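Asks: The primary structure of each chain is shown beneath.
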Amino acid sequence: MQTMHHIATILGERGWDCCPEEFAFFWESDMIDVTTKKPLYVSTDGDATPYIMVPVQQIDDIRALLDANSISYWVDEEAISVDGKPEVTVINLRHGVNPRSVQQILDRAP
Amino acid sequence: MALADEIKKLRDDSLAALDEAHNYYSHTKSAWRLLQQFLRQGRKVTIRNLATGSTVEEHELPALAQKYVTGYLTSATFQHFVSLFEDFVFGFLRAWLIEDPRSLSKKQLTFGTVLESSDRIEIVRTVVERELVDLAYDRVDAWFKYLEKTAKLGCPTQGQIEQLAEIKASRDVLVHNRGAANAKYVEKSKGFARFREGETLEIPEQYHRESWQLIRQVVTDIANAGIGKLP
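Listed in order, the protein sequences are those of chains A and B. Taken in order, the first sequence gives residues 1 to 110; the numbers are from our numbering. Taken in order, the second sequence gives residues 1001 to 1231; the numbers are from our numbering.
If you're looking for bench data, these hints aren't it; they were derived computationally from the structure. Heads up, a few of these hints could be off.
Stated by the list, open to error - Covered stretches of chain B, going by a simulated chain A footprint (3 or more residues, C-beta under 8 angstroms):
{"#": "1", "segment": "1031-1037"}
{"#": "2", "segment": "1051-1064"}
{"#": "3", "segment": "1205-1213"}
Values in this document were obtained by computation on a predicted structure and should not be read as measured data. Even for Gly, the Cβ is constructed at its ideal location relative to N, Cα and C.
Put together the whole structure using the sequences plus the hints.
Replies: As C-alpha cells, this is what we get:
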C-alpha cells in the first residue's frame, strides 16, 4: 500500500489524477497465477503450439475467459502436482489462434 | 483353440494393448510436462544426443517439450491406436474365415500352391490371407460390409463406421501426406471431416482420447457379438 501511495503521488505530480485503489486496479489487471503470484503468460517458443501453464484451481475461470473471446484451445487431460504443490495443467492454443491476442486477453482480465 | 476362445483372447489382447498405448501416451506427456515445470523453477539442464551430436539446453527444452507432446507423441500414439484396431479387425476376420471358409469356395488357386501346402488347413490359410490382403487396401466401410456379410454381427453402427473412416483417413494423412489434409481425406471422412483440403491436421487431446475410446468400444462390441453367435 505504501508503494502504491508513493506511485500515486508521483503520478499526481505528473497530472495523473488517481487514488491508490485505482492504481491497484491498473497494477492488478494481469491475470495472475494464484500459486506463483506471477502473471499468466502464453508460451510461444519455436514453432510449437502456444500454451499456457495454469493451476487447476483456475482452469474454469481461464476457460470461461477464452470461451467468451471465442479462442479455440484444448486442455491437457493430466494435472501434475510436484512436491505436494497445487496441481498444474496446460491449455494448448489451436492452429490459427494469435498468441499475442490471447496474451492481451489475459493481461486485461480483471 | 476353439473359435470363441480365440476371439476372447484377441479381444483381451487388443484391449490390453490399447490401454498400454494410452498409458504410454499419458505418462510420457506427463514426463515432458514435469520437465517444463522444473525448468520454470530455474533448473539447468543439458541434453546431448550422442548419435546426432546435437546439444540442447534448458532455454530450448520447453518449446521442444511442447512440440513433442502436441506433435510427435500424439501423432505416433494415434497411429498406433489405428494400427491395433486394424490388427483386431483382420485378426477377427482371419479366425472367422479359417473356421468357416465356405464363403471363399469360388476362389481360385494354382495347383502349385496346393502342392506347396502341407495340409488342408494351410491351403485354407493361404486363401484367407489373400482375401484379407485385398480387403486391407480397401476403404473402412468396405471392411465392415465384408464383416457383416461374413459374420452377420449387426455391429458397429453406421455412425461408428463413419467416425472410424475419418480416424483412418486422419492416420493416412499423417503417414502419407505429412499431416496436410487432402482431397482423399475429405472424401473418405464425409460428414466427419474435421479439416478442409490443404489445412494442417491437428490431433487435440479430446479427439485423441475419443478415437481411442471408440476403437476400444468397437473391438469389444465386435468380439462379444461374434462370441455370442458361436455355440
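Asks: Each hint needs a verdict: does it hold in this structure or not?
Replies: Evaluated hints:
1. 1031-1037: holds (count 4)
2. 1051-1064: Since 4 is at least three, the answer is holds.
3. 1205-1213: holds (count 3)
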